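S.K.: Fit chain B to the given chain A structure using the hints.
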Amino acid sequence: MTPSERLARFLVGFAAIFTVVFLMTPLVVTVAVSFGSSTVFTLPPPEWSLRWYDKLAQTRGLLPALAVSLEVAAVSTAAALVLGTLCAVALVRGRFPGRDTIATFLVSPLMLPGLVIGIAMLQGFKAMGLRDVHGSLLVAHVVITLPYVVRTVAGALSLFDFALIDAARTLGCSYPAALMRVLVPSLAPAFLTSGMFAFLASMDNYPISIFFTDAWTKTLPIQMLQYVEEQPDPTIAAISAGLVLLAILALVLGDRLVGLRKLADF
Amino acid sequence: MRAWRDPVALLAVPAVLYLAIVYAFPLILLLLKSFTGPAGLTLQPYVGFLSDPFNWRVIGNTLRVALWTTLVCFVIGYPAAFALARAGLMLQIVMLVSIILPLSIGVVVKAFAWQIVLRRDGVVSELLVGLGLWDEPQRLLFTETGLVLGAANIFLPFMILPIYSVVKLIDPRLSEAGATLGAAPLYRFSHVVLPLTLPGIVSGVAFVFSMSVSMFVIPSLLIGDRFQTLATLTGRSFLLMRNEQLGSTTAVILLALAASIVVFSTWLARRLGGDT
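These protein sequence lines map, in sequence, to chains A and B. 1209 is the number of the first residue of the first sequence in the numbering used here; add one for each residue after it. 4 is the number of the first residue of the second sequence in the numbering used here; add one for each residue after it.
Bound conformation, chain A alone (with noise of 0.2 Å):
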């Protein structure tokens, strides 16, 4: 081996551990916060125990925001799906103009600030004259998880090689029997992974939801927030580590069902 072999070599493991290191920081260190007995979050803690999930339980609306939450991620990750498979099999297979711009106004949820979509929509459905809140959060959810769906399933269908829907109609197969059997199969990663993101982005949204919150309906990230502001003890520590499974779930789920290599494809 080269001096510079060795160098690059080392450089390599070291930002490799470096990185690693950092960015698994913040999750250690909330993990290991909630199970401590310390109000201050001393850090190691002076004894280790349970009484901040103990506490969890007596935490006020944390029960109905989590429920609120899992509703509103859960329903317009599903709306997401339909919608965005639709549109991306005509972004896809559709020969019409302006296709890039279709597919640029779909995604650019993604790239604006969501501070500035929550309020425009906050005036914008107030001129429209929809004033349920809860309606409103769910209708303004669908445009977080939308950009996820309409990405993934389009890279994944413009790989799809659609000769053999033919073929399964060649073989006796009904036009939508080969969508069901051999597109849709086919499709199941992209579906799975844009969906988790979708889930996990509606789960997560705390600047479009802001505006769409009265004190019956309150998403997960605003109360935890406000608790955060209020009266920082590790009880949030221990919603967190909650959390943290939740992403570790979802995560060994994702890799046995599509692997981990393909939920890093950008």
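Read the hints as simulated data drawn from the structure, not as lab findings. Quick caveat: nothing in here was measured; it's all calculated off a predicted structure. Think of the CB as a built atom: it goes at the ideal place given N, C-alpha and C, for glycine as much as any other residue. Misleading hints may appear alongside valid ones.
Unchecked claim - Partner residues are not named here, just some residues of chain A that face chain B (Cβ under 7 Å, in silico):
{"id": "1", "residue": "1212"}
{"id": "2", "residue": "1223"}
{"id": "3", "residue": "1249"}
{"id": "4", "residue": "1304"}
{"id": "5", "residue": "1466"}
{"id": "6", "residue": "1468"}
Claimed, not checked - From the derived model, a few chain A residues whose C-beta atoms are all more than 10 Å from chain B:
{"id": "7", "residue": "1263"}
{"id": "8", "residue": "1266"}
{"id": "9", "residue": "1268"}
{"id": "10", "residue": "1270"}
{"id": "11", "residue": "1271"}
{"id": "12", "residue": "1278"}
{"id": "13", "residue": "1367"}
{"id": "14", "residue": "1374"}
{"id": "15", "residue": "1391"}
{"id": "16", "residue": "1392"}
{"id": "17", "residue": "1395"}
{"id": "18", "residue": "1396"}
{"id": "19", "residue": "1399"}
{"id": "20", "residue": "1425"}
{"id": "21", "residue": "1436"}
M.R.: For chain B alone, kept in the frame of chain A given last:
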């Protein structure tokens, strides 16, 4: 216009119509409102906003923090992307998990974690004292350095992944060919590897910069109200001050900033011949 008769195009109608009503129309309304005064079209809100030196400080804060965050992300993320592409199988899996896992966790959780990390008795302070770089523990929370560090941590995956997606396509034999022809390592890097990774750099930088410009939760938790950026000022003027005029003005400036980053980076990526 026979092309329009393609029936497949109709499948795009529901999604496009939905976004047009729920997303594009409100944005256009916001734009129009911000240019409308009591006496019709006006630039008055913008002239008023820009003639206040405080607001220039806000714009300065926004751009400075975004630039530093992007720089830190790039300095860590560029070598990390190479490490990810060249690492052995085990290390690669560990790296992938540590990149994707934080991506699947909410920004409120991560910003809260950084509140703990940046305390006077936090991990960063103890590390720097332990390394002998600091004489005594210091609080990084509620400082600009702390904000940049936290934001860079949260946005880092968005720098690594686009660069990784081009690095993994580079044929290592290209660099070896350069070596055979007598090029020094540094020359090989700057003339072979760097140009090939430019499209990835452009998209990573554009991602991180535009997210840093418009971040709202991270500065609220890591630096507080005394430090205002365009995004926090926009949020505050709607949520706390109920000053919709000011909020609309800053929102449109923020929108213009974000849109120009997207347009410029797309143009640049296309010029560089990348298709990312």
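S.K.: The structure should be examined with respect to each hint, and the outcome stated for every one.
M.R.: Here's how the hints hold up against the structure:
{"no.": "1", "hint": "1212", "in the structure": "5 Å, holds"}
{"no.": "2", "hint": "1223", "in the structure": "4 Å, holds"}
{"no.": "3", "hint": "1249", "in the structure": "5 Å, holds"}
{"no.": "4", "hint": "1304", "in the structure": "4 Å, holds"}
{"no.": "5", "hint": "1466", "in the structure": "12 Å, violated"}
{"no.": "6", "hint": "1468", "in the structure": "5 Å, holds"}
{"no.": "7", "hint": "1263", "in the structure": "16 Å, holds"}
{"no.": "8", "hint": "1266", "in the structure": "20 Å, holds"}
{"no.": "9", "hint": "1268", "in the structure": "18 Å, holds"}
{"no.": "10", "hint": "1270", "in the structure": "13 Å, holds"}
{"no.": "11", "hint": "1271", "in the structure": "17 Å, holds"}
{"no.": "12", "hint": "1278", "in the structure": "13 Å, holds"}
{"no.": "13", "hint": "1367", "in the structure": "14 Å, holds"}
{"no.": "14", "hint": "1374", "in the structure": "16 Å, holds"}
{"no.": "15", "hint": "1391", "in the structure": "13 Å, holds"}
{"no.": "16", "hint": "1392", "in the structure": "15 Å, holds"}
{"no.": "17", "hint": "1395", "in the structure": "14 Å, holds"}
{"no.": "18", "hint": "1396", "in the structure": "19 Å, holds"}
{"no.": "19", "hint": "1399", "in the structure": "16 Å, holds"}
{"no.": "20", "hint": "1425", "in the structure": "16 Å, holds"}
{"no.": "21", "hint": "1436", "in the structure": "6 Å, violated"}
Checked against the numbered hints given earlier, the structure breaks hints 5, 21 and satisfies all the rest.
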